[in-house]
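Q: I would like the entire structure built from these sequences, with the hints used as guidance.
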Amino acid sequence: MAIIKTEDLTYVYSAGTPFEKKAIDSLNIEIEEGELVGIIGHTGSGKSTFIQHLNGLLKPTSGKIYIDGTDIWQDKQTTLETRFKVGLVFQYPEYQIFEETVYKDIAFGPKNMGLSDEEIDKRVRETAKLVEISDEQLEKSPFELSGGQKRRVAIAGVMAMRPKVLILDEPCAGLDPKGRDRILDRIREYHKEYNSTVLLVSHSMEDVAKIATKILVMNNSSIVCYDEPPKVFGMADEIAKMGLDIPQITKVFNALKEKGYHIADDVYTVPYALKKLLSYLDEKGVKLDA
Amino acid sequence: MEKIIEAKDVWFHYQNEDFEEENAPIKQVLKGISLDIKRGEFVAVLGHNGSGKSTIAKHFNAILTADKGKILVDGIDASDDEKLFDIRQRVGMVFQNPDNQIVATIVEEDVAFALENLGVDPLEMRERVDNALKDVGMYKYREHAPHQLSGGQKQRVAIAGIIAMCPDCIVLDEPTAMLDPIGRKEVMKTIKKLNREHGVTIILITHYMDEAAKADRIVVMDSGKTILDGTPKEVFKNVELLKSVGLDVPQVTELAFGLRNNGIDIPDDIITEEECIEEIIKIIEKAGK
Amino acid sequence: MLKDITIGQFFPGNSIVHRLDPRFKIVITGVFITFLFCAENFYGILFGMLFVALTVLLSKIPIKMIFKGMKSIIPLIIFTSVLNIFFIEGEILFSWQFIKITKEGLETSLFMILRIICLISGTSLLTYTTSPITLTDAIEQLLSPLKKVKMPVHEFAMMMTIALRFIPTLIEETDKIMSAQKARGADLETGGLIKRAKALVPILIPLFVSAFRRAEELAVAMECRCYRGDEGRTRLKQLKSGGKDYIALALSLFFLDVVIFFNCIF
Chain P
296 MAIIKTEDLT
306 YVYSAGTPFE
316 KKAIDSLNIE
326 IEEGELVGII
336 GHTGSGKSTF
346 IQHLNGLLKP
356 TSGKIYIDGT
366 DIWQDKQTTL
376 ETRFKVGLVF
386 QYPEYQIFEE
396 TVYKDIAFGP
406 KNMGLSDEEI
416 DKRVRETAKL
426 VEISDEQLEK
436 SPFELSGGQK
446 RRVAIAGVMA
456 MRPKVLILDE
466 PCAGLDPKGR
476 DRILDRIREY
486 HKEYNSTVLL
496 VSHSMEDVAK
506 IATKILVMNN
516 SSIVCYDEPP
526 KVFGMADEIA
536 KMGLDIPQIT
546 KVFNALKEKG
556 YHIADDVYTV
566 PYALKKLLSY
576 LDEKGVKLDA
Chain A
416 MEKIIEAKDV
426 WFHYQNEDFE
436 EENAPIKQVL
446 KGISLDIKRG
456 EFVAVLGHNG
466 SGKSTIAKHF
476 NAILTADKGK
486 ILVDGIDASD
496 DEKLFDIRQR
506 VGMVFQNPDN
516 QIVATIVEED
526 VAFALENLGV
536 DPLEMRERVD
546 NALKDVGMYK
556 YREHAPHQLS
566 GGQKQRVAIA
576 GIIAMCPDCI
586 VLDEPTAMLD
596 PIGRKEVMKT
606 IKKLNREHGV
616 TIILITHYMD
626 EAAKADRIVV
636 MDSGKTILDG
646 TPKEVFKNVE
656 LLKSVGLDVP
666 QVTELAFGLR
676 NNGIDIPDDI
686 ITEEECIEEI
696 IKIIEKAGK
Chain G
4 MLKDITIGQF
14 FPGNSIVHRL
24 DPRFKIVITG
34 VFITFLFCAE
44 NFYGILFGML
54 FVALTVLLSK
64 IPIKMIFKGM
74 KSIIPLIIFT
84 SVLNIFFIEG
94 EILFSWQFIK
104 ITKEGLETSL
114 FMILRIICLI
124 SGTSLLTYTT
134 SPITLTDAIE
144 QLLSPLKKVK
154 MPVHEFAMMM
164 TIALRFIPTL
174 IEETDKIMSA
184 QKARGADLET
194 GGLIKRAKAL
204 VPILIPLFVS
214 AFRRAEELAV
224 AMECRCYRGD
234 EGRTRLKQLK
244 SGGKDYIALA
254 LSLFFLDVVI
264 FFNCIF
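Chains as they are written, first to last, in the numbering used here: chain P, 296 to 585; chain A, 416 to 704; chain G, 4 to 269.
Keep in mind the hints are simulated off the structure, nothing from the lab. All the given hints hold, so there is nothing to weed out.
A short, non-exhaustive set of chain P residues, derived as facing chain G with CB atoms under 8 Å:
1. 350
2. 352
3. 385
4. 388
5. 392
6. 393
7. 407
8. 453
Glycine included, each C-beta is placed from N, C-alpha and C at the ideal position.
A: What follows is the structure, given as structure tokens:
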């Protein structure tokens with residue numbers, strides 16, 4: 296059974312005014328449990344509106360959302376429970392940190408869930424370890440940490456709630472390459488460790504390509520495709536037309552194909568590109584150092 | 416070529432404000448930076464967070480003053496308090512967050528802000544504001560409120576606010592970090608145009624390797640020192656060194672590096688897609704013969 | 004949503020009232036308030052109402068807007084009239100136990116109500132027809148003589164401008180922080196007063212932290228653009244006064260005279 300399922304999900308902003316705008320238009324999608332889905336789309340494509348529906352922060356104008364088979368708007372209780380089932384990490388999450396210590400800030404979510412003190416303690420420590428925050432840092436004020444550390448603390452705050460679905464909106468925005476890789480790495484680790492479903496929203500195909508098992512492309516309030524990364528990167532040209540960035544390496548291999556050198560269709564990371572290119576060259580009889 | 420900025424052995428540290436004791440820990444951010452920027456150059460500065468790249472940039476227009484060493488801006492000593500506004504007029508700065516650098520509630524009034532401070536005559540001001548807005552392609556938004564604009568548009572307004580001063584040099588501190596791909600393209604296009612058509616010296620601090628690859632020259636910083644300085648081709652060659660200081664190289668450079676490691680003869684200074692495509696085809700064709 | 008809150012009541016337009024020099028508008032509003040308080044009888048107040056009605060017509064502001072603005076002062080009107088009806092001595096019209104209603108009381112309260120209505124509708128016309136930023140500029144210029152006695156007039160106006168600039172930004176930010184904390188299970192909607200006040204902490208702290216960070220960055224950005232206070236500063240937009248402004252002022256002074264004249268003859 297799909298963990299997330301939507302039926303004709305539609306949301307209209309400022310309904311009934313001259314500024315009326317369909318932010319998302321009859322979305323139908325099923326996402327299986329355990330996937331790590333990369334959601335890409337440019338600003339205004341509807342991706343932010345879509346994810347805010349999944350944990351009940353926005354109420355659909357029409358259509359239905361099922362999480363784990365339950366309609367999240369069937370009654371008030373279910374809607375509230377959905378907030379804990381589906382954890383949402385907003386853009387620049389470090390701006391929501393408020394407690395005196397890192398420990399307390401990570402504990403905020405689990406506390407709101409009404410968990411016992413031992414359980415909270417266990418979760419905080421486990422999650423801190425997962426995002427590479429040391430015991431010593433747990434007792435510090437979050438405002439003393441560096442930007443990248445703060446970001447990891449804020450993400451841990453949601454991870455500690457152990458949601459069945461974890462959604463992250465642009466978790467790497469504004470970080471340097473090292474910080475970017477570290478966050479992506481931690482997200483992958485969390486996905487592996489708890490086998491939960493993870494949705495990762497990004498402008499950057501390159502970031503998404505590094506870890507996603509499936510990719511969802513949104514444009515003009517609708518879903519363009521939902522498929523495995525190789526298939527999605529096969530439509531690189533269409534995606535580029537939507538104003539999204541295509542990894543440089545994908546562009547190179549597509550151009551080579553156009554010139555009659557068909558090496559591979561599904562290239563989007565350097566190691567994979569290298570592997571494909573080397574075996575192609577090998578076939579052509581180029582001498583390689585084994 | 417004439418030098419617009421000269422930094423000679425610049426040292427700087429931040430005092431940790433949270434400690435009041437006398438022997439508070441000192442964070443040495445710059446450890447003897449020497450750097451010359453020539454007039455009309457487009458220089459990209461790379462370095463991971465905390466490498467000191469923003470700190471050195473703030474020295475270029477006298478927001479910070481060096482503990483030791485000297486900065487000359489167009490020949491003027493940056494530590495001379497009397498010349499403070501001469502320096503800031505010559506070197507303008509654009510920051511990461513477009514929201515936090517727009518002062519006025521109307522676009523054109525914000526662009527005029529620096530000119531108002533400098534006491535420019537209103538008639539001349541009008542002309543310079545209009546020209547600046549046209550240069551960044553925001554003229555038709557001149558009467559909008561900043562919060563009605565997209566991130567890329569706001570950042571272009573911020574740039575217009577600087578170029579209205581007619582500076583010799585603009586320092587941009589990660590101007591695209593908070594923008595989406597469309598906004599990034601708009602801003603990069605504007606920067607390049609200012610450099611090529613108006614001869615403005617550009618110092619671009621960035622995390623994006625593809626942006627740096629478009630510069631004439633790249634300076635790489637790590638823990639308060641410059642570790643590499645040269646054309647993009649010369650700099651990106653050093654794949655392993657760059658990775659060791661937490662930076663990336665363009666994907667095509669990394670691919671070429673991988674091919675060389677496997678004994679394939681491909682140049683080590685590939686940075687554009689076109690070069691990469693051409694070189695790969697050469698290898699394939701050579702093998703076919 | 005918080006975004007829907009409009010700040011200031013500016014109603015954009017291009018009528019003659021909109022185009023008047025804001026400095027003159029402020030002065031005229033002052034004159035108007037003076038003549039309302041000078042008026043000692045109904046004729047004077049009626050004349051004031053005529054003045055408001057004329058301006059509303061000229062400004063092309065929908066009457067509905069004016070009435071909407073009145074809603075918020077209903078409690079004030081009720082309070083004043085109650086005070087006047089029951090506590091003014093005079094010719095008794097009606098009495099029950101200790102409650103007395105007098106003719107003088109009724110008259111005074113009606114007079115007060117009309118005066119308040121006039122006052123509120125007249126002054127709100129100023130904010131309806133002038134954008135907050137122009138208003139700030141005008142206030143700065145009108146108060147500029149005070150700079151001679153070391154009053155920080157420019158600084159005050161700059162603070163107003165920055166506040167106006169950042170209100171939409173901070174509202175948006177509050178919205179975001181609220182959503183983020185709700186996503187972490189913060190309960191903002193239920194519970195008693197103390198619980199609700201406590202629930203605000205996770206919103207207010209991040210908001211303050213962010214506001215301070217913004218202030219710091221803005222200060223550096225302003226320094227980069229050679230900001231040094233009022234010293235030698237010029238302005239892009241010059242406030243210009245012309246014939247229409249003088250006529251408007253003359254007209255309002257004429258109304259003031261008429262009111263004073265009414266006070267004498269009736």
